[in-house]
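There are 2 protein chains.
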Amino acid sequence: MKKQIPTVKGARDFYPEQMSLRNWLYENMKAVSQKYGYQEYDGPFLETLELYAAKSGEELVKEQAFVFNDRGGEQITLRPELTPSLARMVATRAGQLPRPIRWWSFGPMWRYERPQKGRSREFFQWNIDILGTDSIEADAEIAAIGAEFFRAIGLTPAEVKIQINNRKLMSEQIAALGVADIKPALKLIDRIEKLSAEAWAQYGVEQGFTASQTAGLRTLLGDKELWRKSDELIRFFDILDSMGVREYFEYEPSVVRGLDYYTRTVMEARDRDGEFRAILGGGRYDNLVSEVGSDQRISGVGFAMGDMVIGLVAAKYGRTPTFAKSPALVLVTVFGPGSMADSLRAARSLRESGLRTETYPEAVKLDRQLKYADAQGIRLAVIIGPDEAAAGMASVKDLKNRAQFSVSQADLPAKLREILDSPLPS
Amino acid sequence: MKKQIPTVKGARDFYPEQMSLRNWLYENMKAVSQKYGYQEYDGPFLETLELYAAKSGEELVKEQAFVFNDRGGEQITLRPELTPSLARMVATRAGQLPRPIRWWSFGPMWRYERPQKGRSREFFQWNIDILGTDSIEADAEIAAIGAEFFRAIGLTPAEVKIQINNRKLMSEQIAALGVADIKPALKLIDRIEKLSAEAWAQYGVEQGFTASQTAGLRTLLGDKELWRKSDELIRFFDILDSMGVREYFEYEPSVVRGLDYYTRTVMEARDRDGEFRAILGGGRYDNLVSEVGSDQRISGVGFAMGDMVIGLVAAKYGRTPTFAKSPALVLVTVFGPGSMADSLRAARSLRESGLRTETYPEAVKLDRQLKYADAQGIRLAVIIGPDEAAAGMASVKDLKNRAQFSVSQADLPAKLREILDSPLPS
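Chain order of the listed sequences is A and B. Once you know that position 267 of the first sequence is 266 in numbering that gives the first Met the number 0, the rest is easy, because the numbers rise by one and skip nothing. Once you know that position 335 of the second sequence is 334 in numbering that gives the first Met the number 0, the rest is easy, because the numbers rise by one and skip nothing.
These are calculated hints, taken from the structure and not from any lab test. Don't take each hint at face value.
To be verified - Some chain B residues near chain A, calculated using beta-carbon distances under 10 Å:
no.: 1; residue: 66
no.: 2; residue: 96
no.: 3; residue: 147
no.: 4; residue: 391
To be verified - Derived DSBU-like pairs: lysine-lysine, alpha-carbon spacing no greater than 35 Å straight-line:
no.: 5; chain 1: A; residue 1: 54; chain 2: B; residue 2: 8
no.: 6; chain 1: B; residue 1: 364; chain 2: A; residue 2: 364
no.: 7; chain 1: A; residue 1: 61; chain 2: B; residue 2: 1
no.: 8; chain 1: A; residue 1: 364; chain 2: B; residue 2: 167
no.: 9; chain 1: A; residue 1: 182; chain 2: B; residue 2: 315
no.: 10; chain 1: B; residue 1: 228; chain 2: A; residue 2: 364
no.: 11; chain 1: A; residue 1: 414; chain 2: B; residue 2: 29
no.: 12; chain 1: B; residue 1: 54; chain 2: A; residue 2: 2
no.: 13; chain 1: B; residue 1: 364; chain 2: A; residue 2: 228
no.: 14; chain 1: B; residue 1: 29; chain 2: A; residue 2: 370
no.: 15; chain 1: A; residue 1: 399; chain 2: B; residue 2: 8
no.: 16; chain 1: A; residue 1: 8; chain 2: B; residue 2: 29
no.: 17; chain 1: B; residue 1: 228; chain 2: A; residue 2: 29
Where is the CB? At the ideal position from N, CA and C, for every residue including glycine.
Isolated chain A, as found in the complex (with noise of 0.2 Å):
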């Protein structure tokens, strides 16, 4: 056996049938977006390291993102996220972007992780966000996105909720159990489900908590009802009351999200058992356009989709559909050397008409073409022998009900159209 080249470790191939897979996300991806009005952008794949290092995080930024020098000696980063391209491009334009500014964007991303069961180190994400409005309404269409895509694809509430706190209400809570510093507390409390009880309240201590502290951050994150101490929960849950997906979400103190910019709003997607914790992560950033370049204060919220777990989920609730092989739904075959000219005008005819059509490129046995027609999922075949030829006549085969007859070449196309158009005896 050949030695065959390696891929890279984490880098993935899309063959057609994970194509397929992928496209169908972006597809539900668009159409969701486009049904509230956002339009289509992407950054570039490339950012300086700089980007990142004003609020991502440490995590993100030292262990996570890919840094090399290129040739002219600057430190680039493949993104590792997209929320800072968005806030520098909206940034670079902030006078002349109307408001609100509703853009999406589905691109690869990169991480250095371990890869794993829905972790790969090349991957793909939907982001969406609302920027320069700082209204609840906006952090409520955005979390009923990801509740409208869900429905989309099928999933119910029953399998999946989205989980929302806020860091304001979070900060206040946290500053009456005396922490004078946020940062590591919501560290601690992103962590409490990774951890036993005992190895949380020890990592707590050994962040410079009491043990009274971590004790009433415990508490916080058992009380369900936490939300309703904050004006904008309540307003946040009666809207999505009037969006028609409340039946979606759910209050959950323990969620406070990773990344250091989210400043109110927090959202995290998770499926029934929690077998799937992350699949979708967002929130409110109100200052992060301004720290990487913006003279004005434009606020925003958001949430990232990575493709591969929402394709794991689906999977495990039976909710991704059947995939074509080939679009094409006619095979042209060539009965012999001389006949292909005839071939190819018969398939330019058809495809003139708008009928997606293969041609088989050389004269081997019919029985191959056949084969191959049906490997791919090819619906029809169409023989034109030298008889038919000399008759303008073309012979079809139906491969789903085994039926054949003749047609003149004339009437091809919409034989053919007509036969794609009825329904199949079932």
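Chain B: place on chain A using the hints.
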């Protein structure tokens, strides 16, 4: 003015208007690819340097590739082209893929080049290939798809031409001049348009050719009838005739392409006055798949088209369409803080009826909300004040013809659909 974080040299921001252009190209590429039955795929963005070292050629690998060491010490390359990844993917599944393999892709590539008009370091490329057949019909099909794309976006044969040559033909002709090694000769040919006649002859001598050999080469390159000496080219042009795209093609002996792996047909598209000289480039590669790890011989033929040059060509000939701003057709305004729930519910019913709808997220002055709709190109604005709400009514402003009317909220979706579907008086 606050200091802005810079972008990486040669990287690109896609604001919604640039994204619309990229998507317009993508949609046309997709439509033409699918018309011929090609399946979409994608390779990884990160590959090993070894993959390109196999056959891409020295310039691409040593001068243009972004190469870096990752945290694990592996030498990683940001893909400068897609064909080697395609060859690797096909080699990996050589036994399972029905043949012919018809695949297309559209995605980012990176090359370390001096940023200039039509070139950036981060660019997008359409790749389309057919593998697993040696037939010249495959070469012609790929070439025809290039022509069909030009036709699809409105570029005529008077504006763009695909120039064809054949490396096998050239090798035979060059060998007849007493030149033993074909590679430096192809390199010399590739420069004929870039150098003056004297500089070119001088360069030939430096590369070890005799004066009579460079003179012989120059004669060859002027012979537009040379294709008649190649059975492959004679058939190739015949097939294009049957496919209905012959007028987009011409024979050009100086086209040999820069990549090392091409073996026979090569192609390159340019515009009328030669301002743009490599709108697409491609050819047949008979050995690449086995070079990267297949025991089976699987040949292929394909081309690549970068997004920047074709974007400039479309603009030059006035073929770039005007793009909509917001995908929304309707803006539901907010009359006052107490009207938000009514507006959200109206927006919900419009979306449920299939109308893409934005809401204004704050109860600012109505005039500002209507200006926003205008700026985003949203045609219809819905207003629900307290009086309308009490009567179950809504006011609608048609911003295109400045008409205004009232309608019951129950009839709102149907009425707006009717307006959007009826032609505007001109």
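Task: Hints violated by the structure (numbers, ascending) - done: 4, 6, 9, 15 and 17
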